[in-house]
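Construct the complete structure from the given sequences, taking the supplied hints into account.
So you can see what is in the structure, the chains are spelled out below.
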Amino acid sequence: MKQIPNTFKAGPDESGHFGIYGGRFVAETLMPLILELEQAYRDAKADPKFQAEIDYYNTHYIGRPSPLYFAERLTKHLGGAKIYFKRDELNHTGAHKINNCIGQILLANRMGRKRIIAETGAGQHGVATATVAALFGLPCTVYMGATDIERQQPNVFRMKLLGAEVKPVTSGSQTLKDAMNEALRDWVTNVADTFYIIGTVAGPHPYPAMVRDFQSIIGKEAREQMQAAEGRAPDSLVACIGGGSNAMGLFYEFLDDPNVKIYGVEAAGHGVETGQHAASLTAGVPGVLHGNRTYLLQDADGQITEAHSISAGLDYPGVGPEHSWLKDAKRVTYTSITDQEALDAFQMCARLEGIIPALEPSHALGFVKKLAPTLPKDHILLMNLCGRGDKDIFNVAKALGTKL
Amino acid sequence: MAATGDVLVGERRIAARFAALKAEKRAGLITFITAGDPGHEVSLEILKALPGAGADVIELGMPFTDPMADGPAIQRANLRALKAGANMKKTLEMVRSFRAGDQATPIVLMGYYNPVHAYGVPAFLKDAKAAGVDGLIAVDVPPEEDQELALPTRAAGLSFIRLATPTTDKKRLPKVLENTSGFLYYVSLAGITGVGAPDPKTVRVSVDELRRATKLPIAVGFGIRSADQAATISAFADAAVVGSVLVDCIGETAAGGKKPAEIVASVTALTRELAGGVRRASR
Chain B
1 MKQIPNTFKA GPDESGHFGI YGGRFVAETL MPLILELEQA YRDAKADPKF QAEIDYYNTH
61 YIGRPSPLYF AERLTKHLGG AKIYFKRDEL NHTGAHKINN CIGQILLANR MGRKRIIAET
121 GAGQHGVATA TVAALFGLPC TVYMGATDIE RQQPNVFRMK LLGAEVKPVT SGSQTLKDAM
181 NEALRDWVTN VADTFYIIGT VAGPHPYPAM VRDFQSIIGK EAREQMQAAE GRAPDSLVAC
241 IGGGSNAMGL FYEFLDDPNV KIYGVEAAGH GVETGQHAAS LTAGVPGVLH GNRTYLLQDA
301 DGQITEAHSI SAGLDYPGVG PEHSWLKDAK RVTYTSITDQ EALDAFQMCA RLEGIIPALE
361 PSHALGFVKK LAPTLPKDHI LLMNLCGRGD KDIFNVAKAL GTKL
Chain D
1001 MAATGDVLVG ERRIAARFAA LKAEKRAGLI TFITAGDPGH EVSLEILKAL PGAGADVIEL
1061 GMPFTDPMAD GPAIQRANLR ALKAGANMKK TLEMVRSFRA GDQATPIVLM GYYNPVHAYG
1121 VPAFLKDAKA AGVDGLIAVD VPPEEDQELA LPTRAAGLSF IRLATPTTDK KRLPKVLENT
1181 SGFLYYVSLA GITGVGAPDP KTVRVSVDEL RRATKLPIAV GFGIRSADQA ATISAFADAA
1241 VVGSVLVDCI GETAAGGKKP AEIVASVTAL TRELAGGVRR ASR
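Chains B and D, in that order, give the protein sequences. In terms of the numbering used here, the first sequence opens at residue 1 and continues consecutively. In terms of the numbering used here, the second sequence opens at residue 1001 and continues consecutively.
Calculated from the structure, these hints are not laboratory results. Note that the coordinates shown come from a computational prediction; the quantities given were computed from them, not determined experimentally.
Stretch-level coverage of chain D by chain B, calculated; a stretch enters the list once three of its residues show a Cβ under 8 Å from a Cβ in chain B:
no., segment
1, 1075-1087
2, 1117-1125
3, 1135-1145
4, 1160-1171
5, 1179-1192
We put the CB at the ideal spot given by N, CA and C, even for glycine.
Set out below in structure tokens:
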């Protein structure tokens, strides 16, 4: 008989595992640093002063709480479930990424680290990291795949304006995975003074749990706001998944609410059947990369295959280990949306709601577009609108064949 | 049967080689190449030529798309090998062919966990042992994950060789040593392979400290590119590991359109030079 856990919120265990996923698969040089980080985070978590600092920046710098918004025109248009957006795209820097960066930079400060590094895909995490590094006066190097630099020029310029050095990564597929390799190489070389701000719920323990904790403010706020708006919890949650940090941020609060259905939406690129996609939970197999065991896009020989998505933020062949565990535990349903479906949803949202979403949450929207019409009108659906689309307009124009 | 017919395998082949080095009162040369770089046939010829050129132990890299702890030289070697069609089966075939002609030189497979994970740990250990592999270095499997690979490897009679680094402090060292066998690989600088040069004085102090904690032979690597550097390290270490300089040589000669025989000749000439450094070290 399969044992049903009495809570989905207990992970990870002492050694950083979510079931068989997660762990600490890093080079020995990094192990002492990761253990030190784990201890420092444990101490900080128990220190009310640390939480008070986070609260301060959340309120006065990020602009939290982000609004809960009833998307009335979209709801009418789709003709089913009542659709709400958690508007993390209104945060300072334009996405949920800053929630995590504030937490990590405060931790870096506590640990006395003098230099910040990060990897970035879409550039949102890079911008958020460059922002907090500027705020705390620390030098910052952001690794970014050369392909991503090409398609996310506005964010590259933003990072430079914020004083960060953007280092192009030309190895491998020149996207997020290679940027992460390069950031790890930097860290292993500069062990004494450098703090690595990982942007998603992946990497070696304690990153998946720590980033989740910093992002879980999204779900906590949403529960209170929904209580005020509707007097109850939502019936379903939808969020897009690249590494999965915005999704964990929303989902975590509701994992033990048995009546809340949860959907994670991966990038199907040109279609999962074409092999050109980034849907590691849908089409990958468990393996070990970037410090943790998780579902990965790989060939039979264990070589990592290149992901594809129109959204640079989802273009990653892995996923956070907690999502892998939630998939196997069947607590969250993982599905996928193609480039074209995301583009359609992107335009629909702009026209119906006057909100230009990032291409990443446009995947979540693409699924909402399919799901909402199948649900009754009293069904409350909450989607995490985790980023705004300013950075994407050039690529969307290109995809739509429009010359700017 | 006469004892001469017995062949020491696995952990015992490595131990026998270090015992022989000790008897010769010299340090060993450990050479690293990536399996299948720049192509399967050439790589096999290089592998077979290494012992004759002075390699005492061979580290054979298992190609991987994402070698996170390696510098540009070994990254390129991995990609060259993969582009030429390298995979784990072919890597093990290389070892089998090598072993048919050389029963004495230990071969240690070195790389990252995922290709082993994908092959399946029990199947990998069985096939690796049958092919004539003696030990394993898995860069991204620290003691915290010992049940994954280190314990099964040792149970299979193969050495699990761990890396100690400048960040491995006294408190942590016993954990690193606990399930390490064959030899200990001291990474002489915090960083990636092939970038920077270690300060021999600092390395010597670290190696002396390690000696107080373990009886295992200690090999030193990362950043050794010349015969002189190899000689300096060999004055106090049990072996010097060279990798990036060799794979650079393979990459450069291959890119220059040299014939396979010429690539092999370049690599063996370089190995001979490095072996000379190790052998002339004053101890």
